[in-house]
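**Q** Read top to bottom, the protein sequences are chains L and C. Per numbering that gives the first Met the number 0, the very first residue in the first sequence carries number 0; after that it's consecutive. Per numbering that gives the first Met the number 0, the very first residue in the second sequence carries number 0; after that it's consecutive.
No lab work stands behind these hints: they were computed from the structure. Beta carbons: idealized from backbone N, C-alpha and C, even for Gly. Keep in mind that a hint or two might mislead.
[To be verified] Partial list, derived from the structure: chain L residues whose beta carbon lies under 7 Å from chain C: (1) 374; (2) 379; (3) 380; (4) 382; (5) 508; (6) 510; (7) 511; (8) 599; (9) 603; (10) 633; (11) 635; (12) 641; (13) 645.
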Amino acid sequence: MKKHMLLITSILKPYSSLLFLNNKYVGALLLLITFTNPSVAISGLFGVLFTILFAELIEFKESYLAQGFYIYNSLLVGMGIGFLFSPSLISTALIAMASAFTFMLSFMLNRLFSVYKIPILSLPFSIVTMFIYLASLKYSNLLSTLLNNATTFDIQLPLIISGFLKSFGTIFFLPSNIAGAMILLLVLYFSRILFVMAVSGYYFGITIHSYLIGSFEQALYDPYAFNYILVAIALCGVFLLPTWKNYILALIGVAISVMLTDAISILFSYYSIPVFTLPFNITVIVFIFILSMTYYKEFNLEIKSTPEYSLSNYLSRIFRFGKTHVRLSLPFSGEWSVYQAFDDSWTHKGEYKYAYDFVKLKEGRTYENEGLYASDYHAFGESILSPVSGYVVAARHDLIDNIIGEVDRINNWGNYIIIKSDSGFFVEISHLMQYSLTLKVGDYVESNAIVAKCGNSGYSPEPHIHIQAQYLGVLGGFTQEFCFSEYIQKKRLFFNTVPQKRELVYAVIKDRSISSRLHFILDDSFEYEVYLDEKYIENVVFSVRMNTYSQFYLEDVLGNELYFYNDAKQFYFYSYKGGESHLRWLFKLAPRIPFVSSGTINFVDYLPVYLLKGKLESAFIEFLSTINQNVYKQETEYHFDGKCISSSYGEVYLESTNKALTLISYNQTQLRRKL
Amino acid sequence: MSKLTYEKPTINKIDFVMASKYGSPIHTQKIRTEIDGISVNELTEKFGSPIFVFSEKKMEELYNNLYSAFSSRYSDVQFGWSYKTNYLNEICKVFHRLGSCAEVVSEFEYQKARALGIEGKDIIFNGPYKPYADLKIAVQEGAKIHVDNLFELDDLEKIATELDIVISLAIRINMDIGVYPQWSRFGFNYENGDAYEAIERMYASKKMKLVGIHSHIGTFMLDANAYRNATTKIMQLKEQVERDFKSEIAYIDLGGGFASKSNLKGIYQSTDVVIPTPDDYAEAITNVIYDLNKSEKLPKLYLETGRALIDEAGYLLTTVHGYKRFPDGKKGYILDAGVNLLYTSTWYNFNIETDRHYEGENEPSLLNGPLCMNIDIIEENIALPPLNRGTVLSISPVGAYNYTQAMQFIRYKPAAVLIDRDGKARYIKEVDDLSTVNYKEI
Chain L
0 MKKHMLLITS
10 ILKPYSSLLF
20 LNNKYVGALL
30 LLITFTNPSV
40 AISGLFGVLF
50 TILFAELIEF
60 KESYLAQGFY
70 IYNSLLVGMG
80 IGFLFSPSLI
90 STALIAMASA
100 FTFMLSFMLN
110 RLFSVYKIPI
120 LSLPFSIVTM
130 FIYLASLKYS
140 NLLSTLLNNA
150 TTFDIQLPLI
160 ISGFLKSFGT
170 IFFLPSNIAG
180 AMILLLVLYF
190 SRILFVMAVS
200 GYYFGITIHS
210 YLIGSFEQAL
220 YDPYAFNYIL
230 VAIALCGVFL
240 LPTWKNYILA
250 LIGVAISVML
260 TDAISILFSY
270 YSIPVFTLPF
280 NITVIVFIFI
290 LSMTYYKEFN
300 LEIKSTPEYS
310 LSNYLSRIFR
320 FGKTHVRLSL
330 PFSGEWSVYQ
340 AFDDSWTHKG
350 EYKYAYDFVK
360 LKEGRTYENE
370 GLYASDYHAF
380 GESILSPVSG
390 YVVAARHDLI
400 DNIIGEVDRI
410 NNWGNYIIIK
420 SDSGFFVEIS
430 HLMQYSLTLK
440 VGDYVESNAI
450 VAKCGNSGYS
460 PEPHIHIQAQ
470 YLGVLGGFTQ
480 EFCFSEYIQK
490 KRLFFNTVPQ
500 KRELVYAVIK
510 DRSISSRLHF
520 ILDDSFEYEV
530 YLDEKYIENV
540 VFSVRMNTYS
550 QFYLEDVLGN
560 ELYFYNDAKQ
570 FYFYSYKGGE
580 SHLRWLFKLA
590 PRIPFVSSGT
600 INFVDYLPVY
610 LLKGKLESAF
620 IEFLSTINQN
630 VYKQETEYHF
640 DGKCISSSYG
650 EVYLESTNKA
660 LTLISYNQTQ
670 LRRKL
Chain C
0 MSKLTYEKPT
10 INKIDFVMAS
20 KYGSPIHTQK
30 IRTEIDGISV
40 NELTEKFGSP
50 IFVFSEKKME
60 ELYNNLYSAF
70 SSRYSDVQFG
80 WSYKTNYLNE
90 ICKVFHRLGS
100 CAEVVSEFEY
110 QKARALGIEG
120 KDIIFNGPYK
130 PYADLKIAVQ
140 EGAKIHVDNL
150 FELDDLEKIA
160 TELDIVISLA
170 IRINMDIGVY
180 PQWSRFGFNY
190 ENGDAYEAIE
200 RMYASKKMKL
210 VGIHSHIGTF
220 MLDANAYRNA
230 TTKIMQLKEQ
240 VERDFKSEIA
250 YIDLGGGFAS
260 KSNLKGIYQS
270 TDVVIPTPDD
280 YAEAITNVIY
290 DLNKSEKLPK
300 LYLETGRALI
310 DEAGYLLTTV
320 HGYKRFPDGK
330 KGYILDAGVN
340 LLYTSTWYNF
350 NIETDRHYEG
360 ENEPSLLNGP
370 LCMNIDIIEE
380 NIALPPLNRG
390 TVLSISPVGA
400 YNYTQAMQFI
410 RYKPAAVLID
420 RDGKARYIKE
430 VDDLSTVNYK
440 EI
């Protein structure tokens with residue numbers, strides 16, 4: 000049974016992939032639509048089936064097939080053959096041959112391209128069909144269907160609309176108004192962004208083309224105008240995030256593809272080969288190549304089923320977890336003050352601007368008595384804690400701590416330690432106290448562990464902690480932008496940001512007693528008794544599961560999935576799949592639980608819009624956020640005291656003794672942990 | 000300009016010490032003009048001299064620093080105020096207000112804590128000598144009793160029989176933690192199995208059960224690693240007991256012994272260099288608990304820190320009564336406070352600070368107390384500028400042990416002042432008089 004489901008999915012997914020959607024129902028509908036031209040439909044289906052058979056033959060892994068990734072090119076090839084020849088035994092044999100070749104070519108190209116993180120798109124299809132059409136010039140034994148294609152039943156529409164619809168249909172080898180309109184409606188239902196991009200990409204391309212060739216009508220009749228649609232969708236929505244900037248990039252891409260389409264069609268027409276998707280492939284691959292190599296910021300790193308979902312996932316991530324992955328903990332405990340911030344007036348300049356200096360203040364001063372001795376300074380002798388987990392790659396602590404007022408101009412950095420974080424970047428801390436290092440090069444250090452004491456060595460006018468992130472693990476390496484993963488200011492917990500100059504920051508130290516309560520292991524299950532208005536209703540069980548991407552989630556009996564992660568400093572939920580449920584509420588009630596016990600603290604979290612709003616409203620907000628991302632920012636205030644996390648939605652309790660959440664309460668509903 | 004007073008000329012050898020990394024000792028004077036905003040001269044004028052001065056603000060700061068170092072890493076932590084460190088009522092009240100329970104080591108301290116309104120369950124009763132009658136009261140009031148020896152265990156069994164209850168107890172253990180001298184006088188030894196036998200004995204009687212394990216590894220511990228070792232052994236014993244006796248050890252108690260920023264004699268580095276930070280102690284202890292905890296539940300962590308919470312908050316202000324020039328040229332000052340008030344002078348070099356800047360070169364000086372005893376020397380060799388009669392010297396840190404161990408000897412025991420959080424000074428104990436000394440004499 001499961002095998003059959005997998006097979007059906009493998010057949011249907013490629014259809015939706017052609018529209019960059021990932022949904023088997025879309026696939027099913029598209030399959031139906033293709034039957035407006037039975038020859039195309041049957042040949043396409045054969046293409047998919049033959050590919051799956053071939054994959055079985057060479058014992059290809061099922062999981063690859065399920066993604067539909069290696070199959071959609073064969074589908075296109077199959078449809079291409081069906082478009083050209085009527086189904087017959089010989090054409091079927093041709094499809095079988097071409098499918099196997101396309102599949103192998105897809106795999107090969109993907110392996111080569113993935114080195115540079117670029118997609119193969121429908122390049123294998125372009126190549127294979129090129130060969131087939133060239134070869135078919137000799138195949139008089141096959142019945143051409145080209146004449147039939149033009150005469151199928153259709154409705155009449157003004158050229159300006161029918162040009163667009165037919166182009167859209169051509170993506171599935173169905174150049175008719177009806178097919179085009181049906182596909183368009185499908186797109187509109189699943190993604191407004193795709194719809195807008197398709198429309199604007201098409202008409203922008205047509206406009207450019209008409210100016211170049213001098214005829215608007217002729218431009219509308221161009222059979223290869225669907226390339227504009229594909230370029231626009233791919234560049235603003237699929238591979239790049241749907242944002243304003245990418246909208247402009249997409250239009251530039253469309254303009255380029257206009258020129259490529261004409262150029263290629265002139266060359267190809269000599270040999271009677273259709274251009275198909277070659278202009279789209281070239282344009283998009285070139286764009287993706289450069290943007291991926293240069294770490295373009297609005298690149299869509301996690302392609303989800305729709306552009307809306309990709310954008311929502313991206314916005315949710317940057318609002319909740321910050322834009323940079325270079326995250327440090329504060330390198331001390333207690334409350335310190337920012338002495339120099341990024342790009343500051345004294346020494347944090349140029350390539351060294353991404354650094355922070357901290358001093359300790361009491362009653363507004365960094366020292367007591369007259370500040371004549373290093374020991375008068377509150378910072379002197381304080382423990383320095385590791386800001387990351389990682390290996391010590393370089394360190395020194397033989398330099399003396401300067402007399403106040405003198406600095407060591409030769410050994411600027413003074414005593415220092417460089418740690419290579421587990422995430423790959425390096426952290427350097429300077430001006431350590433002489434002989435205070437507790438580690439040596441090669442040691443592994445956990446974040447928050449004590450590494451040394453604050454001193455006054457190097458170019459340091461008074462005892463302070465200097466910290467910077469670097470690309471390289473050498474002393475004096477250029478600095479890299481970073482943020483502090485968490486700190487407290489006035490009882491408010493901030494995540495993934497940096498404090499301003501002269502601000503006081505209170506460091507967060509991981510309370511392992513909280514993290515251990517949330518250390519969920521695969522197959523753990525937690526049973527709760529549900530009460531409504533204090534009346535017992537039923538029992539529910541949440542179990543810990545893992546998907547094929549090694550993502551962990553809580554699952555209830557209805558199959559709703561709540562994805563969670565337990566990182567070094569906090570436990571958080573980040574994604575939910577399913578309908579209305581207790582798990583969905585749990586996401587809202589405790590989107591993150593910081594491992595902090597510093598009295599009662601407040602913090603703000605930004606929940607994904609789909610969690611807070613109805614379907615229609617979320618769709619509207621998601622669409623608007625392509626124009627203004629702040630629309631997506633839905634602020635919720637939380638309070639946490641180490642035992643209870645509360646908000647306007649309700650409360651969730653942890654217990655010091657047992658794993659998991661002991662009480663979940665919202666509205667009139669209470670879930671009590673059953674032990 | 001007033002006429003300069005005549006001073007007999009002398010020739011002094013001045014130790015020329017190269018400027019160290021902390022500056023030059025020759026031209027610098029240590030000065031303390033005020034404590035928490037109140038001038039030291041005003042304090043002595045208003046409250047008399049000598050006088051002990053305690054800063055509530057500093058106490059709070061020390062408490063919060065140490066407490067947050069632990070609580071930020073381990074949420075279930077409870078401090079117990081070590082009464083013997085300083086049991087002036089107002090001082091105890093400050094720590095109780097901050098959240099400490101009481102840690103007492105005698106029936107007297109127990110009574111003092113009860114008189115301050117502390118409930119039995121919030122009192123940890125330690126110590127090798129617990130009289131039977133008082134032990135029984137403590138049991139009845141639900142105090143946390145930390146057993147020190149087998150005789151005490153016999154007493155407790157008898158009390159349990161008399162009261163017909165099962166007593167929940169904690170055991171004090173001692174062990175080798177790699178530090179010399181090893182404190183082995185209190186409690187039962189861990190390595191030789193005494194501790195385990197005592198626990199067996201408890202369960203065999205069926206009248207007692209173990210709920211806590213306590214150790215106190217020493218005092219002024221300069222190596223946080225010692226606590227790592229101690230916690231390791233406590234956690235090992237905890238696991239053993241929980242497994243063998245199917246019981247739950249609800250709490251562990253690491254005692255005290257954290258160093259304050261005092262200059263121990265024989266150590267010449269700055270206190271910032273040698274004294275572990277609160278983070279050092281907290282990390283050492285909490286990491287081991289997390290790593291070695293085998294039961295579902297994490298134990299509550301008790302600490303009985305005294306010195307590290309009060310020492311730096313206490314000052315003794317004393318006034319120069321006169322001076323002499325000794326035959327060897329050294330200058331000797333006579334102060335109104337002596338070693339009978341400064342019990343810790345045996346092992347500390349105090350910070351001695353003058354009330355203002357004085358003209359003249361620093362010269363080697365000797366500080367004498369008022370006692371007519373040859374041993375009454377507070378500092379044998381200290382570089383001071385020429386001081387006048389009436390100069391107020393601040394001696395610190397003296398918050399821990401000095402007041403409780405100060406002795407009424409030759410002179411009356413001095414008063415104590417607390418500067419509260421609002422910066423207002425008030426008596427928390429007045430100076431003794433003849434009737435105090437004669438009280439209860441027959």
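**Q** Are the hints correct? Go through all of them and say.
**A** Hints, one by one, checked against the model:
no. : hint : result
1   : 374  : 5 Å, holds
2   : 379  : 5 Å, holds
3   : 380  : 3 Å, holds
4   : 382  : 4 Å, holds
5   : 508  : 4 Å, holds
6   : 510  : 6 Å, holds
7   : 511  : 5 Å, holds
8   : 599  : 13 Å, violated
9   : 603  : 21 Å, violated
10  : 633  : 31 Å, violated
11  : 635  : 25 Å, violated
12  : 641  : 5 Å, holds
13  : 645  : 17 Å, violated
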